Amino acid sequence: MGTGTGGDDSLYPIAVLIDELRNEDVQLRLNSIKKLSTIALALGVERTRTELLPFLTDTIYDEDEVLLALAEQLGSFTVLVGGPEFVHCLLPPLESLATVEETVVRDKAVESLRKISQEHSPVDLEVHFVPLVKRLASGDWFTSRTSACGLFGVCYPRVSSTVKAEIRQHFRTLCSDDTPMVRRAASSKLGEFAKVLELDYVKSDIIPLFTALASDEQDSVRLLAVEAGVSIAALLPQEDLEDLVMPTLRQAAEDKSWRVRYMVADKFSELQKAVGPEITKNDLVPAFQNLLKDCEAEVRTAAANKVKGEVLPEDSRETIIMTHILPCVKELVSDTNQHVKSALASVIMGLSTILGKDNTVEHLLPLFLVQLKDEYPEVRLNIISNLDCVNEVIGIRQLSQSLLPAIVELAEDAKWRVRLAIIEYMPLLAGQLGVEFFDEKLNSLCMAWLIDHVYAIREAATCNLMKLVEKFGAEWAQNTIVPKVLGMANDSNYLHRMTTLFCINALSEVCGQEITTKHMLPVVLKMSTDQVANVRFNVARCLQKIGPVLDSSALQAEVKPVLEKLATDQDMDVKYFALEAISGMYLFNLPTYIFSETFSFSSILFFFFSFSLSP
Amino acid sequence: MSSRALPPNAAPALEMSAISASEKVDGFTRKSVRKAQRQRGCQGSSQFAASSSRPAAPEISALPQLKDASSTEQHELFMQKLQQCCVMFDFYDTVTDLKSKETKRATLSELVDYVSTNRGVLVEPVYPEITTMVSTNIFRTLPPSENPDFDPEEDEPTLEASWPHMQLVYEFFLRFLENPDFQPSTAKRYIDQKFVLQLLELFDTEDPREREFIKTVLHRIYGKFLGLRAFVRKQINNIFLRYIYETEHFNGVAELLEILGSIINGFALPLKAEHKQFLMKILIPMHTAKGLALFHAQLAYCVVQFIEKDPTLTEVVVRGLLKFWPKTCSQKEVMFLGEIEEILDVIEPTQFKKIQEPLFKQISKCVSSPHFQVAERALYYWNNEYILSLIEENNAKILPIMFGNLYRISKEHWNPTIVALVYNVLKTLMEMNSKLFDELTASYKCDRQREKKKEQEREELWRKLDELRLQETSAIQNNRHEIQFTYSNNNNNNNNLHDKDENPAAAITDRIESNTWAK
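Taken in order, these protein sequences are the chains called S and V.
Throughout the first sequence, residue numbering follows full-length UniProt numbering, covering 1 to 615 in sequence.
Throughout the second sequence, residue numbering follows full-length UniProt numbering, covering 1 to 519 in sequence.
In short, the hints are calculated from the structure, not lab data.
Computed from a predicted model, the values in this text were never measured in an experiment.
Among the clues, some could well be false.
[Stated by the list, open to error] Calculated pairs, SDA-like style, for lysine to any residue (alpha carbon to alpha carbon, straight line, at most 25 Å):
id: 1; chain 1: S; residue 1: Lys-415; chain 2: S; residue 2: Val-435
id: 2; chain 1: S; residue 1: Lys-330; chain 2: S; residue 2: Pro-405
id: 3; chain 1: V; residue 1: Lys-281; chain 2: S; residue 2: Glu-65
id: 4; chain 1: S; residue 1: Lys-471; chain 2: S; residue 2: Asn-493
id: 5; chain 1: V; residue 1: Lys-323; chain 2: S; residue 2: Asn-31
id: 6; chain 1: V; residue 1: Lys-445; chain 2: S; residue 2: Pro-405
id: 7; chain 1: V; residue 1: Lys-452; chain 2: S; residue 2: Pro-208
id: 8; chain 1: V; residue 1: Lys-361; chain 2: S; residue 2: Pro-208
id: 9; chain 1: S; residue 1: Lys-34; chain 2: V; residue 2: Asn-383
id: 10; chain 1: V; residue 1: Lys-290; chain 2: S; residue 2: Asp-19
id: 11; chain 1: S; residue 1: Lys-34; chain 2: V; residue 2: Lys-452
id: 12; chain 1: V; residue 1: Lys-365; chain 2: V; residue 2: Lys-309
id: 13; chain 1: S; residue 1: Lys-34; chain 2: V; residue 2: Thr-288
id: 14; chain 1: V; residue 1: Lys-365; chain 2: S; residue 2: Thr-173
id: 15; chain 1: V; residue 1: Lys-361; chain 2: S; residue 2: Gly-584
id: 16; chain 1: V; residue 1: Lys-194; chain 2: S; residue 2: Pro-208
id: 17; chain 1: V; residue 1: Lys-397; chain 2: S; residue 2: Asp-19
id: 18; chain 1: V; residue 1: Lys-234; chain 2: S; residue 2: Asp-219
id: 19; chain 1: S; residue 1: Lys-34; chain 2: V; residue 2: Glu-455
id: 20; chain 1: S; residue 1: Lys-256; chain 2: V; residue 2: Glu-457
id: 21; chain 1: S; residue 1: Lys-518; chain 2: S; residue 2: Gly-584
id: 22; chain 1: V; residue 1: Lys-353; chain 2: S; residue 2: Pro-208
id: 23; chain 1: V; residue 1: Lys-224; chain 2: V; residue 2: Thr-247
[To be verified] One side only, chain S facing chain V, incomplete, derived with CB under 8 Å:
id: 24; residue: Asp-124
id: 25; residue: Thr-179
id: 26; residue: Ala-212
id: 27; residue: Ser-215
id: 28; residue: Glu-217
id: 29; residue: Lys-256
id: 30; residue: Ser-257
Beta carbons: idealized from backbone N, C-alpha and C, even for Gly.
Given the sequences, and given the hints that come with them, work out the whole structure.
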């Protein structure tokens, strides 16, 4: 190992470690940089400061991948350089990293800088950290200036008022930077920066910046200002909002770029919260109506998600929704764009709790019915998944006639993800529609899923049965589903036979000892002679699973012989799982089996571990 | 299993005969199927999007023909027609305004004729009218893509619905710019930075026909308006930077690069710092983009142009490309190899010497790539006469770099074509310098063993470093004593500080250790 000698106590001169950090192979460099803390530990705090960090600062020309790892590591390096007292040693390499081209690296460097800024004492902050921020803020290339945008907020609260003034000045400059990249960065940090400023400066400094960024020539800058507007509005007293923020926000809601309007729609709830009920009622509701009628589907989708208007004032919420929002909602139900409809479907049911029974029946129910017949499965699914809201208000019976065809169609959809989604709502539906309706209309669907082509569906169907039994009880299970499940044990397709086992796994506990012992166990035991090994080892797993539900006499008399037989099966996996079951149930005296000649290596390993783990 | 137990199976199976079993299983419909489903969705326009809030377009009626008007009336009529063409129509709505739409189309096409065939029509008052008309018709916020994961290589682009009008507007604007009477000094008041900025944003349109027009328009503007050149270049830089580092989405990259190709061609020597910065900070990083395949030809052309202009840039360019060499994407690797060959075609022998080592280390890796297209592309270098002469000239350096991998894959590569090509390359190399070749063959085994040993040493080092982490604090302290002692010549000046920081170090390792165990 290079120059290092001395047997076990080998020494690690920095040269060797640096060799590793310089290796030609990127992967090896990356590995070493990821273990930078180990290297630092080997060197000790002082040599980390005097040798390792200067090396790292000087050699920052590398693959972005390596730089990213470095930027991340340095964020938690404080202890390795000797604690907060020396944390400023980390600034030079991070400063260089904050200027590289690759956004991911730069962001990580900024993140680490933000982290270690908290570890600086107020004095160090002014002596070391703030100068760095200023250098970045006045860098030549846009990268350093964008990085600077994210650092003002973390140092501002802890510095003297002169320095504060300088920081504000630098931020102002960046907000009117020549490059859109920098203005975007400034725009996205405007809200954060406003939060740490004194209120007077928010009004005198931030508001003009906000107004300017919100009318930038680039829509990518304007849309980021919307978010800042939400934060700023939350900071200002109510009486200032109308003058200082609202004109800009109103303008954003009618921006010529759909991206900006989308942002307004997307942040609408936050916006309502920030400006309070009065402005919401007078100002935002009309703007919202326009967003719901926007010419771009993207904007309508974002707006449709917010139709519930959670933040509307309690007393007028119902009226506002009835008179202003509902007419737009009615149009959206037959929108040309599927995403708009599906967004609406996911929230429209929630309106019923706000509007009450009569309005729901009169106005919303027809809309639900239209959406239940929509051509896109996602729309139908979203309606069905929120049935509980309606159930509370008007009961589900009103819908059941239209519900059924919708459910059946989704249950047989060509896309298995759609089928999966509807299965997940079955227990909910069953609970709300009642056992009679279920037996009559839905039971057959649930059984059909058990023999679906896709495993994920069969698995979900199994789980679904368990939840249904939890709802309807063991007796119902015995009469309706257990016979069908057990019948599949004779199917010619081994996948279906295995499904029987999986169902038993899921159902034994909820069905209880009697059903399990009397009805299920005989079927399982019989399947132990199946010709397909997968079925046999699943028998072993199944027996282990249902073991706790059975009584000990059944275990000894019926399960034990079968497992013993499976333990001598010619298939390795069957043997493995049989032995696992035996040991898992503490049925037998284990050591006699360990040395039997048919034992596979994996089983021995398994035993080894089960012994060493059991107390 | 009785059929009674699972009755629903039979019935739905009949109903769903249209859905094939495989489709039911994978759930992912093929692209072709999805495409067929949205055959109608390939027309879009933000400008004319159906919106009930939009006032209906006023009806426009045909004015008399320009050619029938007397020369005194012509100017007035021309202005009127320009204003008439500012009326916008909704092309989503295929039923209304049919007559007005046709009138506007006819008027536009008459205007195209008028400016291209007549002299003396471009008097000063028409400049603002023309700019307004063009701006109104073409400047708009582009609509969101109909297909969020639009793949320009696979999918049909969304076409601009209002193209019947828009095409004529672009054509008219081009004829205007190309008219011999066109006065840039007059026009620059209207075709200003703001105008150009909006024009550049349009390059993002999905409609390739529109991008083609904008490209020509921008090229003309760049040629005629000297005062806008620096601004245009800067804004293109911004678009590219946004593309590389922020959105990775911009439809017009190839077209912009095409314009830049001819701009670079015209750069004066010596190159300004601004231009070199553009090469290194934008063109080279652009190679990392996901959509490289869409504009690689244009990009490589720009890069080669730079090298031809100023050969001293060769080294930084090649090192830049090596830095961004694709790690996992073989298609991109093939493109990189193509670009390197283009560079090698024009490289000066002195420049070649500067980059041969890192470059051939990379080529040696490519040659042994398990992806046969990559290996094949790299091996094709040996069919290039000029490259071959460069290799021959520097064989003492290149042969040792290439030998190991070539020798190995000549025995190991799965693809017979590659093995055959490698044999040829080895043969060529042997003919170049048979003595060195024999030496390398002889030492091949030793070298491999040495590499293996080095590998083991590295593992050993890291193993020990990791152990160090887990050792007792006191043991670590002892180690540090020895480090300090043995290598004190590296850092004499640190010795006196040593005792002071011993305890903090112990505390640190303590903490780290407890962290490790806590996990």
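Item to check | In rising order, the numbers of the hints this structure does not comply with | outcome: Violated hints (numbers, rising): 1, 4, 6, 7, 8, 9, 10, 12, 14, 15, 20, 22, 23, 24, 26 and 27; every other hint is consistent with the structure.
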